[in-house]
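**Student:** Chain residues, written in single-letter form:
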Amino acid sequence: MKHLLDTVSLSREDAISILDIAEEMAQVSEREVKKLPVLRGRTVVNLFFEDSTRTRLSFEAAAKRLSADVLNFSAKGSSVSKGESLQDTIQTISAMGADALVVRHPGSGTPHRLAHTGWIDVPVVNAGDGTHEHPTQALLDAFTLRRALGGFCASGAVKDGPRGRGLDGAKVAIVGDVLHSRVARSNVHLLANLGAEVHLIAPPTLLPWGVETWPVTLHYDLDEALHSEEFAAVMMLRVQHERMHESFFPNEREYARLWGLSAARLAGLPKETFIMHPGPMNRGFEISAAAADSPRALILDQVENGVSVRMAVLYRLLTGQEETND
Amino acid sequence: MTDYLIRGANVLGQGIADIAIKDSTIVDPDLLDPDGSDVELVNADGLIALPGLVDMHTHLREPGKEDAETILSGSRAAASGGFTCVHAMANTAPVADTAGVVEQVHRLGRTAGYTEVVPIGAVTIGLEGQNLAEIGAMARSAARVRIFSDDGICVSDPLLMRRALEYVKTFDGVIAQHAQEPRLTEGAQMNEGVVSAELGLPGWPAVAEESIIARDVLLAEHVGSRLHICHVSTKGSVDIIRWAKSRGVEITAEVTPHHLMLTDELVRSFDPVYKVNPPLRTEADVTALREALADGTIDVIGTDHAPHTAEHKCSEWTAAAMGMVGMETALAIVVEAMSDYDFDYRDLARVMSATPARITGATGHGSLESGSSANIVLIDPNSTHTIVPADHATKGRNNPFAGLEVSTSITDTFFYGHRVFSGGELSTPHPAGASWTDQ
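Residue numbers (the numbering used here), protein chains in the order written: chain A, -19 to 306; chain B, 8 to 446.
Keep in mind the hints are simulated off the structure, nothing from the lab.
Positions of the beta carbon are idealized from the N, C-alpha and C atoms, including for glycine.
Incorrect hints may appear among the rest.
[What the hints assert, rightly or not] Covered stretches of chain B, going by a simulated chain A footprint (3 or more residues, C-beta under 8 Å):
| # | segment |
| --- | --- |
| 1 | 205 to 218 |
| 2 | 405 to 412 |
[Stated by the list, open to error] Sample of chain A residues with no beta-carbon within 10 Å of chain B, all distances over it, derived:
| # | residue |
| --- | --- |
| 3 | Leu66 |
| 4 | His96 |
| 5 | Asp109 |
| 6 | Glu113 |
| 7 | Asp201 |
| 8 | Arg263 |
[Claimed, not checked] One-sided and incomplete, this derived list gives chain B residues near chain A with beta-carbon spacing under 7 Å:
| # | residue |
| --- | --- |
| 9 | Glu199 |
| 10 | Gly200 |
| 11 | Val201 |
| 12 | Phe277 |
| 13 | Trp324 |
| 14 | Thr325 |
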């Protein structure tokens, strides 16, 4: 594994290996000194062409806990905003000595392109590209689900955690704007590959043309889906503000009424069903406060596990090793 | 001018014969003394002779984007690709929407002397889709423009399209439509399909092309005008065009070599060399296009040769420019694409020379009959080679066929009797300068 660009080409073995390494990394997060010396002297560059405080901080924390040096490059205020080309930006960063690139970009495929052009020869981690993929988000979701469904504490250090396992047989619903969601794409491939049964629930306007070819079950009607299926987890997707006035649906009220996880729908869910959301949430829109703050919500566990999973990815790509020597 | 006796060529693949060129005209070989001092013998053993190719659709970029291509470099690319006549699209800077600009393009083409450069005029001022450009002035200019197109942009306003179709009847002109419904393709980056769904690139649905073609076919029928559809790319478009022809609508259609050969699966590489408008479609579309070319539903090959500078292609997919070069590989690619069909050299001459010449009124092209202007291409059908874009005469390096092995190559191009491409190498331009079309 040289890069982590998507989950569609990630093998089940590699995915489980990353999740298992992340279990080791979660142990570190509980220590008094939350650091491993494994990437000492290595430089990880966070290259963010799109605003994202959460993901950047998560990657930064992950790299620092592995003792790597971190350089943050954000497009705003940089030469990119003055018209510098991607090639020049990358070659400049390469000349400064990067050992790994963590890339977020508004255009689908940009991390893939960086990994294959020869402008720079270091591992590339896709931190979200356009509406394509966000593989570390899917990995942290899978990690959280594997914990929760295995009956373990959903985050933090766990002795004898669920190592070696997939998500076989788990029924997971992903609800909302699938069309514009890189999180949904990454999760569909990863969760299915780990053996989960993935259901997509969305208005037809927010499903991509050709979605029938995906390894999923489709529903348009949220109530009908929740009534007919018993989901182990329901993952609500964020609907971005700019979509709200492009006629994907009549208005916010109708969307919330038909596809939001309201308090009433929450009450109708089986007690065991977990609630997930990749954040940031639109409370009162796709998810009610009751659902977001419910004891069944794994939303903050997802955030916490994000650091462990990203540590595992950086470790795996930069050392080429399968397990820590801790 | 040198006279030529082309010996042993397989003419249109129909049999070995000699072709004689005297005073820039094809004549009966008996009229030429092979031992005459001013006659050059050309050994064409094993070569196929076709009439010089005619391209209805190129972008020569001059004026305004001379770093991407000039009329001279584009003309040299044309000669290397066997084209003795190319039509230059109007989306230059300034736009070819006045007599002044089209005359400039026409004059630069004559000065270059490698191919006949025929300007296409814009339908609307500045390609803005608001007001008709001075179509009549361009038609009556020295460039004698007959084809009008906002190519790159669709004439999406139905009323404006109707008016344009009607207006060009004044001089038997043709509107060449770039069929792309703008609202259905906002932000579009690639064909809308299974691949775009997975890659998360905004999709460009087939219906955005087909709905415009359907509308324009009905408009052309209603007003009795000539309509040409540029770069048809979908199976549904083929069906609509077939239906329109069965009704007797005066419609002609074009397909590019790349749409006959490549599919959207290539976009998985995110390499912008595969980014083009209209986008690469699916295998089913490619098959439908090949069948339509074979059965005559699609009339012509147009290369949509679209050179771009490296900085517009060496970028991320979403920032890259759309377009591919293709004049120098067009014939070889069409031969490969059509190899499984009942499609011989006469068909090749029909779709790449005679029919485009007829549609555009390029009277000096399209025929090897005695008395025709000596616009001839010789091709070697057994010259397997690998496509190397860096070796091409065009400035554009955005050729999607790099590394592909093809069987056919151009060996010679005779342009109004002058051998502008000789033995696989570019030669000298036509010595008569600006006067050949006046002959």
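**Student:** Are the hints correct? Go through all of them and say.
**Tutor:** Outcome of the hint check:
no., hint, result
1, 205 to 218, "holds (count 7)"
2, 405 to 412, "violated (count 0)"
3, Leu66, "violated (5 Å)"
4, His96, "violated (7 Å)"
5, Asp109, "violated (8 Å)"
6, Glu113, "violated (7 Å)"
7, Asp201, "holds (21 Å)"
8, Arg263, "holds (26 Å)"
9, Glu199, "holds (5 Å)"
10, Gly200, "holds (5 Å)"
11, Val201, "holds (4 Å)"
12, Phe277, "holds (3 Å)"
13, Trp324, "holds (5 Å)"
14, Thr325, "holds (3 Å)"
Violated hints for the displayed structure, listed by number in ascending order: 2, 3, 4, 5 and 6.
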